[in-house]
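Peer 1: Which chain is which? The protein sequence lines are A and B, in order. Residues in the first sequence are numbered consecutively from 11, following the numbering used here. Residues in the second sequence are numbered consecutively from 11, following the numbering used here.
By construction, these hints were calculated from the structure, which means they are not laboratory data. None of the values given here were measured: they were computed from a predicted structure. Treat the hints loosely; a few may be bogus.
[To be verified] Sample of chain A residues with no beta-carbon within 10 Å of chain B, all distances over it, derived: (1) Asn65; (2) Ser126; (3) Gly135; (4) Val139; (5) Thr159; (6) Glu216; (7) Ser225; (8) Ala241; (9) Glu266; (10) Arg284; (11) Ser288; (12) Lys291; (13) Leu306; (14) Arg316.
[To be verified] Per label pair, the in silico range of CB-to-CB distance: (15) A:Glu149 <-> B:Glu53: 53 to 61 Å; (16) B:Ala133 <-> A:Phe265: 38 to 46 Å; (17) A:Lys154 <-> B:Glu53: 33 to 41 Å; (18) A:Thr50 <-> B:Ala157: 47 to 55 Å; (19) B:Asp185 <-> A:Ala89: 31 to 39 Å; (20) B:Gly314 <-> A:Glu87: 27 to 35 Å; (21) A:Ala133 <-> B:Asp191: 24 to 32 Å; (22) B:Asp191 <-> A:His41: 23 to 31 Å; (23) B:Arg109 <-> A:Ala133: 41 to 49 Å; (24) B:Glu121 <-> A:Arg267: 40 to 48 Å; (25) A:Glu266 <-> B:His41: 38 to 46 Å; (26) B:His41 <-> A:Phe328: 45 to 53 Å; (27) B:Gly314 <-> A:Phe328: 27 to 35 Å; (28) A:His41 <-> B:Gly38: 26 to 34 Å.
Even glycine gets a Cβ: it sits at the ideal position worked out from N, Cα and C.
2 protein chains.
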Amino acid sequence: METHRQTDPIHDKPTFEDILAAAQRIEGIVHRTPVLTSRTLNELLGAELFFKAENLQRGGAFKARGATHAVQRLGEEAARGVATHSSGNHGGALALAARERGIPCWVVMPEGAVQSKVDAVRAYGATVVLSPPNQAGREAMAEKVVAETGATLIHPFEHSDVIAGQGTATLELLDEVPDLDAVVVPLGGGGLLAGAAIATEARSPETEVIGAEPSGADDGQRSLAAGKLVAIDSIDTIADGLRATLGRLAFSILFERSVRIETATDDEIRSAMRLVWSRLKTVVEPSGVVPLAVLLNGSVESKGRRIGLILSGGNVDFPL
Amino acid sequence: METHRQTDPIHDKPTFEDILAAAQRIEGIVHRTPVLTSRTLNELLGAELFFKAENLQRGGAFKARGATHAVQRLGEEAARGVATHSSGNHGGALALAARERGIPCWVVMPEGAVQSKVDAVRAYGATVVLSPPNQAGREAMAEKVVAETGATLIHPFEHSDVIAGQGTATLELLDEVPDLDAVVVPLGGGGLLAGAAIATEARSPETEVIGAEPSGADDGQRSLAAGKLVAIDSIDTIADGLRATLGRLAFSILFERSVRIETATDDEIRSAMRLVWSRLKTVVEPSGVVPLAVLLNGSVESKGRRIGLILSGGNVDFPL
């Protein structure tokens with residue numbers, strides 16, 4: 011397997027060929043997840059909905075794709091291990107990917123992170139390092155870990171190999187369900203959506219790609235409207251996986267393609283969760299149902315259309 | 011299709027041939043549900059576990075099997091409709107079965123029933139009649155409805171056609187997963203377990219059949235130990251689907267075969283739910299995980315064994 015890096019993972023945008031190569035590289039390590047449907051949900055919206063169940067992915071989220079791809083692409087430096095900062099799902103994914111390759115892993119997590127996500131990282135054998143619950147604090151702590159250990163930093167989304175890996179989720183959906191009118195994808199840091207935009211442009215150019223974002227963390231929508239990265243003062247949403255700020259690399263990919271972003275409130279996200287849990291009987295986290303929420307609140311027209319939605323993850327704390 | 015009744019549905023015990031006939035009769039109306047597995051749960055128990063996912067059944071529970079079979083077996087009397095009393099899942103199942111056949115349906119439900127179950131019955135087009143939350147009150151109200159409407163009473167478990175229908179869940183599991191050492195089945199009124207006992211005895215006689223009951227509703231275990239139906243003073247369990255008292259017909263079937271019953275506490279049931287939700291990522295109700303709970307608490311030996319478990323249903327209220 012070729013491991014010598016030809017590209018700069020922090021600045022180079024991945025191509026469709028990179029996504030195809032990522033699909034080959036991660037095959038057999040991550041799951042090809044099923045596509046779920048519900049007659050009741052289709053009737054409710056007068057649409058045909060296809061849910062790509064990344065909550066059934068290894069580690070419970072699509073993040074296994076990008077993390078596994080990035081770790082498999084490392085050369086000799088892999089021996090010193092990998093590190094990242096993550097509110098949870100990327101941390102668990104990187105821990106899994108590192109275990110698969112037999113290398114050490116450090117995950118910087120914010121104090122107050124979802125407990126099930128912290129537990130998962132530890133269960134996969136990684137070391138958890140707690141940090142203040144803001145992006146600056148997380149990044150500073152991650153840099154400190156890298157300086158002390160010599161580990162390679164695998165950023166959750168500001169990384170070409172990670173974005174290429176995330177793009178395989180949409181690639182699989184497009185290959186399994188042809189002739190989609192739209193694909194709706196959760197937007198946090200932007201890795202999943204950027205990968206979806208690249209995959210769809212090449213594989214199914216008639217399919218519209220739409221990002222779905224919590225209205226309490228709508229920096230992505232604001233940034234694409236302004237044509238530059240816009241910071242928002244406070245992030246407030248139950249969708250803990252989408253609290254990250256849109257990254258530069260993803261912004262550039264999305265802005266070039268004029269990708270449309272729609273938002274949903276926390277109440278709309280809760281309603282969507284209840285529907286998915288009760289109708290699909292599948293456990294999803296709030297972040298994973300934001301695409302359904304923007305259909306339910308009418309931001310995205312669904313009547314008579316065939317729409318793919320990425321159920322991005324299923325790691326939640328249970329109140330039992 | 012033969013609809014003239016040859017048997018007395020209240021007193022005749024179903025045979026294995028009745029279960030085979032039920033499987034044919036309900037094919038295409040109810041789902042053949044998948045069997046789920048989890049590497050993590052297998053490692054945790056040192057066993058091979060096979061979960062028959064009846065939470066993914068139509069209406070969200072195995073009850074669709076028995077109700078559909080009983081409704082499809084009715085002759086001309088079907089035109090006057092069907093009625094039942096149920097804490098929820100059988101009510102929803104009968105409502106669905108009646109809608110499939112285009113006949114009216116009345117469901118007597120206790121005040122305080124799980125709201126999602128009440129909503130489901132109404133959504134399927136049946137009429138909900140509320141009653142006091144005890145078995146005597148429910149039965150009296152059901153008799154009143156039958157007297158006033160001429161509907162046929164389809165009891166949730168005290169009914170040969172219902173038991174034969176429920177037996178198809180275990181039949182499918184045994185056909186899909188050969189050489190099981192044991193099948194563990196939730197026990198409430200006894201229809202699912204009685205059907206499992208008949209199906210297993212004929213299809214896979216080396217497989218042990220074990221009933222799993224909440225310790226706060228252990229009338230089944232007490233009754234089989236005493237050799238007669240034993241009433242308990244108070245029912246106290248979060249497993250709302252298993253609060254019913256073991257029926258005469260099921261008791262007789264289980265006692266003849268010396269079926270073993272094991273129990274789990276509500277805390278053990280909660281732990282099992284958390285495991286199933288977080289690892290299988292599938293939405294189950296407390297009643298559905300009592301089989302896993304009796305493995306986790308050591309009542310049923312699992313190490314090195316291949317064990318089938320019926321995840322009986324997935325209808326829960328969400329605290330979101």
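Peer 1: It remains to establish, for every hint, whether it holds in the given structure.
Peer 2: Cross-check of the supplied hints:
With a cut of 10 Å on Cβ distances, Asn65 (chain A) falls inside the contact zone with chain B, its closest approach being about 5 Å. Its beta-carbon lying about 6 Å from the closest one in chain B, Ser126 (chain A) breaks the requirement of being farther than 10 Å from that chain. No beta-carbon of chain B is positioned within 10 Å of the beta-carbon of Gly135 (chain A); the least distance is around 14 Å. The beta carbon of Val139 (chain A) is kept farther than 10 Å from every beta carbon of chain B, the shortest such distance being approximately 23 Å.
At the 10 Å boundary, the C-beta of Thr159 (chain A) stays outside the reach of chain B, the nearest C-beta of that chain being 28 Å off. Distance check on Glu216 (chain A): its Cβ is at least 32 Å (rounded) from any Cβ of chain B, clearing the 10 Å threshold; non-interface status holds. The claim that Ser225 (chain A) is not at the interface with chain B holds, since no C-beta of that chain comes within 10 Å of its own (minimum 17 Å). Chain B leaves Ala241 (chain A) outside its interface by the beta-carbon criterion, the shortest separation being 30 Å against a cut-off of 10 Å.
The beta carbon of Glu266 (chain A) is kept farther than 10 Å from every beta carbon of chain B, the shortest such distance being approximately 35 Å. The claim that Arg284 (chain A) is not at the interface with chain B is violated, since a C-beta of that chain comes within 10 Å of its own (minimum 5 Å). With 10 Å as the threshold on Cβ separation, the claim that Ser288 (chain A) sits away from chain B is violated: the shortest Cβ distance comes to roughly 6 Å. Taking the minimum C-beta to C-beta distance to chain B, about 4 Å, the non-interface status of Lys291 (chain A) is violated against the 10 Å cut.
Distance check on Leu306 (chain A): its Cβ is at least 15 Å (rounded) from any Cβ of chain B, clearing the 10 Å threshold; non-interface status holds. No beta-carbon of chain B is positioned within 10 Å of the beta-carbon of Arg316 (chain A); the least distance is around 23 Å. Take Glu149 (chain A) and Glu53 (chain B): their Cβ atoms lie about 35 Å apart, and the range 53 to 61 Å is violated. A C-beta distance of roughly 44 Å is found between Ala133 (chain B) and Phe265 (chain A), which places it inside the suggested range of 38 to 46 Å.
The given range of 33 to 41 Å is respected by Lys154 (chain A) and Glu53 (chain B), whose C-beta atoms sit roughly 34 Å from each other. Distance hint for Thr50 (chain A) and Ala157 (chain B): a CB-CB separation of about 34 Å, inconsistent with the stated range 47 to 55 Å. Remark: the range hint 31 to 39 Å for Asp185 (chain B) to Ala89 (chain A) is contradicted by a beta-carbon distance near 49 Å. Between Gly314 (chain B) and Glu87 (chain A) the beta carbon distance is about 42 Å. The supplied range of 27 to 35 Å is therefore violated.
In this structure, Ala133 (chain A) and Asp191 (chain B) meet the distance hint of 24 to 32 Å, their C-beta atoms being roughly 28 Å apart. As the Cβ distance of Asp191 (chain B) to His41 (chain A) is approximately 28 Å, the hint placing it in 23 to 31 Å holds. At about 45 Å, the CB distance of Arg109 (chain B) to Ala133 (chain A) agrees with the hint of 41 to 49 Å. Checked against the given bound of 40 to 48 Å, the beta carbons of Glu121 (chain B) and Arg267 (chain A), roughly 56 Å apart, lie outside it.
Between Glu266 (chain A) and His41 (chain B), the C-beta spacing of about 45 Å keeps the proposed range 38 to 46 Å intact. Restraint check, His41 (chain B) to Phe328 (chain A): a C-beta distance of roughly 26 Å breaks the suggested window 45 to 53 Å. Range check, Gly314 (chain B) to Phe328 (chain A): about 30 Å between beta-carbon atoms, so the 27 to 35 Å window is met. Checked against the hint of 26 to 34 Å, the C-beta distance between His41 (chain A) and Gly38 (chain B) comes to roughly 30 Å, which is consistent with it.
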